[in-house]
Structures are given as C-alpha cells and as structure tokens.
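Chain U: place on chain L using the hints.
If you want the building blocks of each chain, they are given just below.
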Amino acid sequence: MSDHDHDHGHGDDGHGHHGGHGHGSPWIQHHYDDAQHQFDSGKLGIWFFLVQEVLFFSGLFVAYILYRYHHPEIYAYAHSYLDVKWGAINTAVLIISSLTAAWAVRCAQLAQRRGLIFCLAVTIACACGFLGIKYVEYSHKIHERILFGKKFDPCIASAGNHLLNKENYCPGVKTSVVWDAKTNKADRGCLDAPTGYDWDPALKGIQGKCVVNELTMSGTGANRKEVSRRPVEACAPSPDHGSGHGGGHGKQTYPCWTLEQNPHVCPKGPGAMVHYGDHTSRGSTVEIEVTCEAVPAPVEPKDALAPVDGKLERGEASFKKPVTPSKHDLKHEFQSGPPPEHTNMFFSIYFAMTGLHGLHVLFGIFVYIWLLVRAIKGHFTPDYFGPVDYAALYWHLVDLIWIFLFPLLYLIH
Amino acid sequence: MASDTSSAHDKHDEHGHGIAHVAAVKVLLGTWIALMFLTIITVAATKIDLGTNWNLALAMVIAVVKATLVVLFFMHLAYDKLFHTVLVVAGLFAAALFVGFALMDSGQYQQTIIWDTDKPPPAPIGPRPVP
Chain L
1 MSDHDHDHGH GDDGHGHHGG HGHGSPWIQH HYDDAQHQFD SGKLGIWFFL
51 VQEVLFFSGL FVAYILYRYH HPEIYAYAHS YLDVKWGAIN TAVLIISSLT
101 AAWAVRCAQL AQRRGLIFCL AVTIACACGF LGIKYVEYSH KIHERILFGK
151 KFDPCIASAG NHLLNKENYC PGVKTSVVWD AKTNKADRGC LDAPTGYDWD
201 PALKGIQGKC VVNELTMSGT GANRKEVSRR PVEACAPSPD HGSGHGGGHG
251 KQTYPCWTLE QNPHVCPKGP GAMVHYGDHT SRGSTVEIEV TCEAVPAPVE
301 PKDALAPVDG KLERGEASFK KPVTPSKHDL KHEFQSGPPP EHTNMFFSIY
351 FAMTGLHGLH VLFGIFVYIW LLVRAIKGHF TPDYFGPVDY AALYWHLVDL
401 IWIFLFPLLY LIH
Chain U
1 MASDTSSAHD KHDEHGHGIA HVAAVKVLLG TWIALMFLTI ITVAATKIDL
51 GTNWNLALAM VIAVVKATLV VLFFMHLAYD KLFHTVLVVA GLFAAALFVG
101 FALMDSGQYQ QTIIWDTDKP PPAPIGPRPV P
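So the protein lines, in turn, are chains L and U. When the letters of the first sequence are read in order and numbered with the numbering used here, they come out as residues 1 to 413. When the letters of the second sequence are read in order and numbered with the numbering used here, they come out as residues 1 to 131.
Possibly wrong hints are sitting among the right ones.
[Claimed, not checked] Restricting the straight-line Cα-Cα distance to at most 27 Å, the calculated cross-link-like pairs of lysine-lysine (DSS-like) are:
| hint | chain 1 | residue 1 | chain 2 | residue 2 |
| --- | --- | --- | --- | --- |
| 1 | L | K134 | L | K150 |
| 2 | U | K26 | L | K134 |
| 3 | U | K26 | L | K151 |
| 4 | L | K85 | U | K47 |
| 5 | L | K151 | L | K141 |
| 6 | U | K81 | U | K26 |
| 7 | L | K43 | U | K47 |
| 8 | L | K134 | L | K85 |
| 9 | U | K47 | L | K141 |
| 10 | L | K151 | L | K377 |
| 11 | L | K85 | L | K151 |
| 12 | L | K134 | L | K151 |
| 13 | L | K85 | L | K43 |
[To be verified] Chain U is faced by these chain L residues, among others (derived, beta-carbon under 10 Å):
| hint | residue |
| --- | --- |
| 14 | R68 |
| 15 | F406 |
| 16 | I412 |
The hints are simulated quantities; they were obtained by calculation from the structure and are not laboratory data. As the structure is a prediction and not an experimental result, all values here were calculated from the model. All residues carry an ideal CB built from backbone N, CA and C; glycine is no exception.
Pulled out of the complex, with its shape left as it was, chain L reads as follows:
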C-alpha cells in the first residue's frame, strides 16, 4: 500500500495536523499517515468482519442443510405456511436499499451532500419497511401458532384447516369459514352451498369426537360489522339480545344460529348445519368460526355427531376416521392429512435464521441513523467517507444473506 500517495494533490495533509487544516478532514486520526491509510485500514477491518459474519451464518445454514437432507418432507410441507408474496416484497425492498446504500457511497465520494442524505434516508426507510413486513409475518405466525418447538400447533393455523376437514386430527380443533353471500360460495374453509335465500351454510368438519361448543359469527354489512359469540346451547331463536354490537342503528338483534346434523351435506358422515336466523342484519360477508372440544371417550352410535358406519374402535382409531372428501376439500392446498412429525423444527430453523437476519437489519438501522446524523452535520467529505462505505458493505452482506434465505425458506418446490 505504498502507492497511495501519488499525484492526488493531498499527499501532505495527513501528518499530525488534523483539525482545522484547509483540505484535510478533521476526522482523519493522527495515528494514520493520511486519509488513504485510514480508509484502507477501516476497509480491511470491515472485510474481516464480513468474512466472520459469513462463517457465523454458515452454522445456521449447516442446521438447515442437515435437517433438509434428513427430512425433506418437512420442508416440502412446512414452507406452505410461509407467504411467498411477503418474502418476495422483502427481497425487493432489500435490493432497493442495497442500491441506495451503494449510491450513498458514491455521493459521499463525490461530495454530493444532499444526495448522500437522500440515499441514507431511503436506506433507513427500506430497512424499516423490511422489519415492518417481518412484523406482519411474525405476528401472523404467533397468532396462528406457527411457531417453534412445542408451540407449533397446526390445528390453530388456518393453513391446517384441512386437518379438520379430512381426518379430524386436532383435538380442540378450530376452523373458520368465510362465506360470500353474493356469489354463494365459501372462499375459505369447508362450507357447502346454501339453498335459496334462507341459506344454511353447513359446517362439515365437525366429526367424530368433536362437539361444538361455541360459534362466532361476524358479518360485514353495508356499514357495520357485528360479532356474536355465545355457546350454542344459549342460542335460541328468540332475537331479544340487543347488546354488544353496532352503533347508531337503534336496537338491533343478534343473529342466531343452531347446530344440527345435516344429512344433505354430509350423507356419509356426520355434519352440522348452521342456521342464520336474522335476515335483516345479514351482511355481504359472513365469517363463521366453530370451536370444538375433543371428547375423549368413544362416541355412542346414536350420537348425532358420531360417524355413521359404526366400525370405529376404541381409542385413537375413532379419531382418525377418514371421511369422503367433497369438491371443497379438493381445493385445499394440502391433501395429505396431518403434518409430518417434527414439522416444528422447520419453524425453529426459520425463526433462528430470519430472526438473526432481522437483528442484523435492526443493527443496520441504528448504524444508518448514525450516518444520517453525521451526513446532515456535514462530516463526510471525499477524503473521509469510510463509515458510509463500511456500513454499505455490511448492508450488502445483510442483503446477500437474505438473497439465500428467501429461496431456501419460501421457495421450496
């Protein structure tokens, strides 16, 4: 590195007189020969740091590869819980921020202060956007219990709805049906077509050991949304409850439902029908949520909710009785019953990798805010822009890791 001091017109500004010198940055430390020396030293340091970051992350990639090698079925199944849309948006956001980070270096080198400030600000905004999207993804997963270890519960996840419909794999199972009254179609969940105006959406998933104990129905009408939650037993057709919803519409009645077996929808198995009693308050979209409780004892043959063919034995065999799938079932993404064993390991790896990556993004935000403040103060000059460059290198590495994480976690075929 002896060739740094040739013909650039500032070869004499380094030695000791930092601060107040005409064209030497006050940020050049006295223990460096000159600006070039300081820059090169810092750059060497950040490259060493990035190399150890690669090694640091490679430990997690080893975990990923090993587990995928041994349990490919888990990956093929579990990645469906991830939303490719969010992953792709986040990839784009990070690539945009990488561009602005690289451009910020250019601006600093060319003494374009306003451009530098703009690029740094966009980088921060993109980084915050990335974390915001991660927040959306994480909170959805926490809400639906798509989590690591024993916290993982496919019966709560909406992507696990098929479990209810197919085999009633889940004790305490819960599903929801989104019904579009205009098209008379259920766009999510298992719900058969209603008959005429007084439509009776039927919930088929309630089988075997499952006893419905609670219904939640919410509808979005022209200008209001109502939610009712009550035990089924308490849901008599008398529309005299006026509390708990709506506003500014005077006294209103709860819609009311009763559950009964529905032989039309589920001729070969038990089913249930929901009567929606309040025609006037029906909205365009009705969401019905049923919570079932598992009954540990084998069901009686005369039980209205029992399987019909009566060949069930004691124990868990009765719990996994398959039911003839309807055309609605075929639309479900998963056709193969309960998740493979140890699916939760995928989410352990997912949260470890994306979590560590997210921490790097968070740290990058702090670094870039610090850079932005310094850029506004005018600290960065063409002979002192090292911090901008080093942070950009770090930020590119964060982008690089995501470039690999995105296909490995979201795009499993």
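Only chain U this time, still in chain L's reference frame:
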C-alpha cells in the same frame, strides 16, 4: 491496484482525491435491474416443475449469480484491492469446509433429539459414552 482505480475514477471525480473507486451510475443501476429481474425469475421458476432437486439447484444458481453481482459491483470487489478478494474467497472456502465436514458424518446422527417420554428415541449405535 490503486493506479488503475485512480484512472477509473478520474472520469467521475473532479475533486481528485481518489481514496477509492467511485461506482458509475450505470453500473449501480444495471446491477440493481439485474437483481430485481433475477428475483422475479427465481419466484417464477418455482411454478415450473423440474423435480425438487433441480428446482433447488436452479434457485441456488440464481442466488449465487445475484450474490456475485452484489459482491462485485455493490461491494466494489471488482475494483477493489486483490487482497479483499483473497479474504472473501478464503472465507467462503472456510465456510465450505465447515459445511462439508458437518455433512460428511451426518449419517451418524441420532434420529431425533426431541425427547418424547412416550416415544424415546432409539439408543445410538456404538459403545455407551463414558460419563
């Protein structure tokens, strides 16, 4: 090294300090467009069924190309000191060694380390560990 960087940046940099190479706008934007394009490609590629392994290989090839673009142009490695390239290659080599050796004996691992009291994992093959 530094002499060719100085001739490269003199076109862009009137201030003439030449501490490091200044990335051209064309290069930055070109790299960015290529990265965005490859992102779209890699998402679209999952719609094509090549078999699990080939889909994975394709996705990884695209990821490696993207990573190379980022390293060469956004991280300036194409214009940087040779020693930084040596560092990166050495780091990747070390990571490859780590991953490779970890995978070499992966057949020796226990089936599961998740302890389920109802279904204890099978005992590992080999002599008992000395306490």
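Status of the hints after comparison with the structure:
1. Proximity of K134/L to K150/L is assessed by CA-CA distance (about 22 Å); at most 27 Å being required, the pair is judged to hold.
2. Proximity of K26/U to K134/L is assessed by CA-CA distance (about 32 Å); at most 27 Å being required, the pair is judged violated.
3. Only pairs whose Cα atoms come within 27 Å are accepted, and K26/U paired with K151/L is rejected, the gap being roughly 49 Å.
4. Note on K85/L and K47/U: the hinted pairing holds, with a Cα-Cα distance of about 14 Å set against a maximum of 27 Å.
5. The suggested pairing of K151/L with K141/L holds, with an alpha-carbon distance near 11 Å, which does not exceed 27 Å.
6. At roughly 22 Å between alpha-carbon atoms, K81/U and K26/U fall within 27 Å of each other, so this suggested pair holds.
7. About 42 Å separates the Cα atoms of K43/L and K47/U, which puts this hinted pair outside 27 Å; it is violated.
8. Of the supplied pair hints, the one linking K134/L and K85/L holds, its CA atoms being roughly 12 Å apart against a limit of 27 Å.
9. Of the supplied pair hints, the one linking K47/U and K141/L holds, its CA atoms being roughly 25 Å apart against a limit of 27 Å.
10. Among the hinted pairs, K151/L with K377/L is inconsistent with the structure: their alpha-carbon atoms are about 48 Å apart, more than 27 Å.
11. The suggested pairing of K85/L with K151/L holds, with an alpha-carbon distance near 25 Å, which does not exceed 27 Å.
12. Between K134/L and K151/L the alpha-carbon distance is near 19 Å, which keeps this suggested pair within the 27 Å criterion.
13. Pair hint K85/L plus K43/L does not hold up; C-alpha atoms about 36 Å apart against a cutoff of 27 Å.
14. The interface hint given for R68/L holds, since its Cβ lies 9 Å from the closest Cβ of chain U, which is under the 10 Å cut-off.
15. At its closest, the beta carbon of F406/L sits 8 Å from a beta carbon of chain U; the interface hint therefore holds under the 10 Å criterion.
16. Satisfaction of the interface hint for I412/L is found here, the shortest Cβ-Cβ separation to chain U being roughly 8 Å, below the 10 Å cut-off.
Comparing the model with each earlier hint shows violations of hints 2, 3, 7, 10 and 13; every other hint is respected.
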